[in-house]
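Chemist: Let the sequences and hints guide you as you build the complete structure.
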Amino acid sequence: MRLRPIAGILLRQFYLIRGSPVRVLPMFAWVAIDIVLWGFITRYLDAVSGARVNFVATLLGAVLLWDFCTRIMQGLTTAFLEDVWSRNFLNVFATPLRIGEYISGLVATGIATSVVGLVIMLLLATLAFGLSFLSLGLALVPFLLVLFVFGIALGVLASAMVLRLGPASEWLVWPLPALLSPFMGVFYPISTLPVWMQAVARVLPPSYVFESMRHVLAGQAADAASLAAGVLLSVIELVIACYVFVAVYGYAVRSGLLARYSAESVG
Amino acid sequence: MSPQTDPPLVLEVSALAKRYGELRAVDGISFEVRQGEIVGLLGPNGAGKTTTINMLLGVLAPDAGAIRIAGIDLARQRSQALACTNFAAVYAALPGNLTVAQNLRVFGLIYGVARLRARVASLLAEFDLERLADTKCGVLSSGEQTRVALAKAMLNRPRLLLLDEPTASLDPSAAQLARAHIRQLAREGGCGILWTSHNMYEVQEVCHRVLFLSRGRILLQGDPKRLPQEHGADSLEALFIRLAREPLSAQAA
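Sequence order for the protein chains is F and L. The first sequence runs 1 to 267 under this note's numbering. The second sequence runs 1 to 253 under this note's numbering.
Because the hints were derived from the structure by calculation, they are not lab data. A portion of the hints provided could be inaccurate.
Unchecked claim - Derived DEER-like restraints, expressed as beta-carbon distance ranges:
| hint | chain 1 | residue 1 | chain 2 | residue 2 | range |
| --- | --- | --- | --- | --- | --- |
| 1 | L | Y91 | F | V119 | 37 to 47 Å |
| 2 | F | V24 | L | D134 | 12 to 22 Å |
| 3 | F | L179 | L | A133 | 40 to 50 Å |
| 4 | F | P167 | L | Q221 | 35 to 45 Å |
Unchecked claim - Which residues of chain L face chain F? A partial, calculated answer using Cβ under 8 Å:
| hint | residue |
| --- | --- |
| 5 | Y20 |
| 6 | N54 |
| 7 | L57 |
| 8 | G58 |
| 9 | A61 |
| 10 | S79 |
| 11 | L82 |
| 12 | L94 |
| 13 | P95 |
| 14 | G96 |
| 15 | Q102 |
| 16 | V106 |
| 17 | I110 |
| 18 | G112 |
Claimed, not checked - The following residues of chain F were derived to be distant from chain L, with all beta-carbon distances above 10 Å:
| hint | residue |
| --- | --- |
| 19 | V36 |
| 20 | S49 |
| 21 | T192 |
| 22 | A199 |
Treat the numbers as computed from the prediction; the structure is a model and nothing was measured. For glycine and all other residues, C-beta sits at the position ideal for the given N, C-alpha and C.
Modeler: Set out below in structure tokens:
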């Protein structure tokens, strides 16, 4: 893995973001709106519940963590879609760039853009609504790690989908996090779900994060084994997502899809 | 050229084949390009030229055959082979939302170009792009975009340069300048060039050798100035038209 080609992919995204306010705005606008909206909802719920449950910490904290995960996925996918939108595949893939370096460049872009969103969310949630993320203690480290790795895996998988199904499949990618969120128990314990949904939740690493977060906020210790399972699962799913991307890329090179991508299919 | 003085091979294609379903897009072609040589790849639409170029660029896997670029097997050492290759094609414009200088920097990093800042500055000067360095590629004229594409194609000082209809959208004056520049690149840059074009006048002016491709096969090859006479045609264009319209049975014979 060479650093200069990866830097090339990252630099391209930097130029695009720097030169375009419409690319800068989504990095923090939607997450800020989410925090404001859920900030007021949780403040209201705190008032009517008589302080029996700390909604700010449980709901607003969950929103913040979930938005962090989806921002990573969207940052990575958007970087890939920039090549789709500008019909740049031939220029990019007819170079010495290795597929692992291309994915690494996309991941680096996803990290850079999501960190901006995370900082904005943390500032807003802390200053405006009194959310103290430090109350999660050291458990915050594996929480962020799992969501970070899973967000990357989801982004790589989404990019593979667009590569395989063509530019029009972009619309399938954006709702992916919303589609998965009911299974992950972002706002409620997994035990609330029917049995079949609980089975799905067990293979989705963020569900371990949100379960543990509720335990910690309820004054219990974080379940280390459960969090370790979440970390392991997220790494396994990242490896699978990368494998799928490489396999789809290989198919695109063999079938001619990559060379004739605008045709959307080669059948 | 005698065997003793032959420049080194920069491209060796042997028995290259690609099928799309029942269609044999490229049907077992073999050819070579030497350092400093400009080889024209000619043929009617659908003859297999772009399919061949795509396989040489590593974005399309052949069903059979081998490609060696500067002695490196493309299938086995893709990254190393493509590090000494570059291309410009009328259908592969650089991202229009980046400036000329930004595109050159980005692709310079991707190609691993050493002393990139100096290389970009030198290419901007060489292709008369200095005043356009901070202009987005999407707003450039066709002639300016061609110059940018050629500058990008020279970033890594390629041993093999693939040019797919590089002058297709240029006016005669701009096309003449581009041709002169490309000839200079082959002469002084030391790269071998594979050039596709439908402009037979241009081919005769630029190419040392041409390959006539039809239905995925090489029908003829030779010096573009002598081929028409050798095959009883008035001009290269007349020979092209005759070959393009010949039925498959006649070609097979």
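Chemist: A separate judgement is required for each hint: does it hold in the structure or not?
Modeler: To see whether the hints hold, each was checked on the structure:
no.	hint	in the structure
1	L:Y91 with F:V119: 37 to 47 Å	holds, 42 Å
2	F:V24 with L:D134: 12 to 22 Å	holds, 20 Å
3	F:L179 with L:A133: 40 to 50 Å	holds, 45 Å
4	F:P167 with L:Q221: 35 to 45 Å	holds, 39 Å
5	Y20	holds, 6 Å
6	N54	holds, 4 Å
7	L57	holds, 4 Å
8	G58	holds, 6 Å
9	A61	holds, 5 Å
10	S79	holds, 4 Å
11	L82	holds, 5 Å
12	L94	holds, 6 Å
13	P95	holds, 4 Å
14	G96	holds, 7 Å
15	Q102	holds, 5 Å
16	V106	holds, 5 Å
17	I110	holds, 4 Å
18	G112	holds, 5 Å
19	V36	holds, 31 Å
20	S49	holds, 50 Å
21	T192	holds, 46 Å
22	A199	holds, 39 Å
In summary, this structure violates none of the numbered hints.
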